[in-house]
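**Student:** Residues per chain are reported as follows:
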Amino acid sequence: MAVCTVYTVQSLNSTCSISTPNKTHLGFQQKQVVFYTSSKRSSKRGGGGITCAAADSQTIVIGLAADSGCGKSTFMRRLTSVFGGAAEPPKGGNPDSNTLISDTTTVICLDDYHSLDRTGRKEKGVTALDPRANNFDLMYEQVKAIKDGIAVQKPIYNHVSGLLDPPELIKPPKILVIEGLHPMYDKRVRDLLDFSIYLDISNEVKFAWKIQRDMAERGHSLESIKASIEARKPDFDAYIDPQKQYADAVIEVLPTQLIPDDNEGKVLRVKLIMKEGVKFFNPVYLFDEGSTISWIPCGRKLTCSYPGIKFAYGPDAYFSNEVSVLEMDGQFDRLDELIYVESHLSNISTKFYGEVTQQMLKHADFPGSNNGTGLFQTIVGLKIRDLYEQLTASRAAGSLQATKA
Amino acid sequence: MATVAGVSLYTPRLVAKASDSPKPQTIKSPRLNHPWKMSTRFGSGRMYVPPVAAAPEGLSNLVAESIKSAEEACSGDPASGECVAAWDEVEELSAAASHARDKKKDSDPLEEFCKDNMDNEECRTYED
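These protein sequence lines are chains A and B, in that order. Here the first sequence stands for residues 1 to 405, where the numbers follow UniProt numbering. Here the second sequence stands for residues 1 to 128, where the numbers follow UniProt numbering.
Chain A on its own, in the form it takes in the complex (with noise of 0.2 Å):
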């Protein structure tokens, strides 16, 4: 690999411009001042002199959407640590930064795009989930950016005070990771995308997990957590579900089947809907690609305990995409269930054998370690390491061929 592998960060080369927000009317901060590049990168790939254009060093993006408190850190945890490494905060900066930071991955927060801060969206009535909170336009510029190999500087956004701190530096990672409500709400982010991911909580789990995550809060009680559901639902039903149907991987999750009228969202019947169609990304599939297949592993050669574990898989369609459906219910109760389901599935990516098992039993303490939602994660993130390599191997390939020519 003689490519070139330093890369430019031509970071704060350009003005730095006080945004002038346009859209007054929402009570935009005026003070704010936010920096960004809004240079242009000049590309000289194919030409002759240099060749060390993005070819290899050009940022993959990869969206993740999810409403608060539905397990996106938690994911996100799982992802990094696919990768090797453990993510960060950024050294020595603003102790309430949302951001991670590993070897190869960057993780930000959209929510450090609100253009309304706490005080504003109480005055104007609004929620954070709703687009008249955030702001897109640096939302995409800076995203834009940061692909094309310039460093930016991100607001933070604070969630203990609520309000927008100074900002901070990204540098174009390899893999930058952009987290929270909105990632495929707009259709220039949404472009910028590699792969994105929707992690799809049923209303039934969704509270379930609030009352385990709340309860324990003082001020918070069963009225309190359901009216907080309940108000955002509008919203939520609006802006953030609608954002599944571009998702190139949806991780849904409901109650459990295999017990009758549960309503405790211990068990879950976890859903992975994988795209059809999508580059550099092969669904996952179990036994047959293909075929329509239901599967119950315990029996003579694995024993499980109550409710036991059920696996479906098969094709089906989603929104007006063609997609591959795997689904588990139920949870691994022991280590050799892991193993044994981990062998039957086929694509998923792995290095050696058990990849999956070693990924899920490290963790073993997050939640989820031991049903489809860890699963689930754990593969999606392989699968992310693999749509990683083979992209970048065919931008080395591709920048070859142009120095070549």
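For the record, the hints were derived by calculation from the structure and aren't laboratory data. A few of these clues could be false.
[What the hints assert, rightly or not] For the chain B half of the interface with chain A, some residues (derived, Cβ under 7 Å), not all of them:
#	residue
1	Ser60
2	Ala85
3	Trp87
4	Val90
[Stated by the list, open to error] No farther apart than 16 Å at their CA atoms in a straight line, the calculated lysine to aspartate or glutamate pairs in the EDC-like style are these:
#	chain 1	residue 1	chain 2	residue 2
5	A	Lys226	B	Glu71
6	A	Lys91	B	Asp116
7	B	Lys105	A	Asp365
8	B	Lys103	A	Glu88
9	A	Lys244	A	Asp165
10	A	Lys124	B	Glu82
11	A	Lys244	A	Asp191
12	A	Lys279	A	Asp386
13	A	Lys171	A	Glu88
Since the structure is predicted, the reported quantities are computational estimates derived from the model, not experimental observations. Ideal Cβ placement from N, Cα and C applies to all residues, glycine included.
Assemble the complex: chain A is given as a structure, and chain B must be docked to it using the hints.
**Tutor:** Relative to chain A, chain B alone:
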């Protein structure tokens, strides 16, 4: 309306700073100042301080306050923007409190303290 605005005029950043700082927690442990009394301190295993389960006090207060003001904001019209935005704030703060709890669970206060104070007496490790 005026009262609602009044309720929300907390000074959250100060509160957060104070509660996020690792120092007060490390000082709380009397054993910290007597490392020679801790046999487990030697070798690679540093002293273990049990994780604190609760969210930082400041955030917990904010959550409780936000619930109260949401209930007030919704007493008139439960479908109003004011009411919905207030419950959204509850969600945001509850999520922040939960993240803060997770962070605390993961982190060892001594490790955190020693990251920034490598030369401190408390942070020395000894072979043998």
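**Student:** It remains to establish, for every hint, whether it holds in the given structure.
**Tutor:** The hints, checked one at a time:
1. Ser60: Given a least distance of 5 Å, the restraint on Ser60 (chain B) holds.
2. Ala85: Nearest chain A Cβ about 5 Å off; hint holds.
3. Trp87: Given a least distance of 4 Å, the restraint on Trp87 (chain B) holds.
4. Val90: Since chain A brings a Cβ to about 5 Å from Val90 (chain B), closer than 7 Å, the hint holds.
5. A:Lys226 / B:Glu71: Since the Cα atoms of Lys226 (chain A) and Glu71 (chain B) sit roughly 12 Å apart, the hinted pair holds (cutoff 16 Å).
6. A:Lys91 / B:Asp116: 11 Å, holds
7. B:Lys105 / A:Asp365: The given pair, whose Cα atoms are some 11 Å apart, holds under the 16 Å limit.
8. B:Lys103 / A:Glu88: At roughly 11 Å apart (the allowed maximum being 16 Å), Glu88 (chain A) and Lys103 (chain B) satisfy the hint.
9. A:Lys244 / A:Asp165: Violated, at roughly 31 Å.
10. A:Lys124 / B:Glu82: 8 Å, holds
11. A:Lys244 / A:Asp191: Since the Cα atoms of Lys244 (chain A) and Asp191 (chain A) sit roughly 15 Å apart, the hinted pair holds (cutoff 16 Å).
12. A:Lys279 / A:Asp386: Cα-Cα ~11 Å, so holds.
13. A:Lys171 / A:Glu88: 15 Å, holds
In this structure, the one hint that does not hold is number 9.
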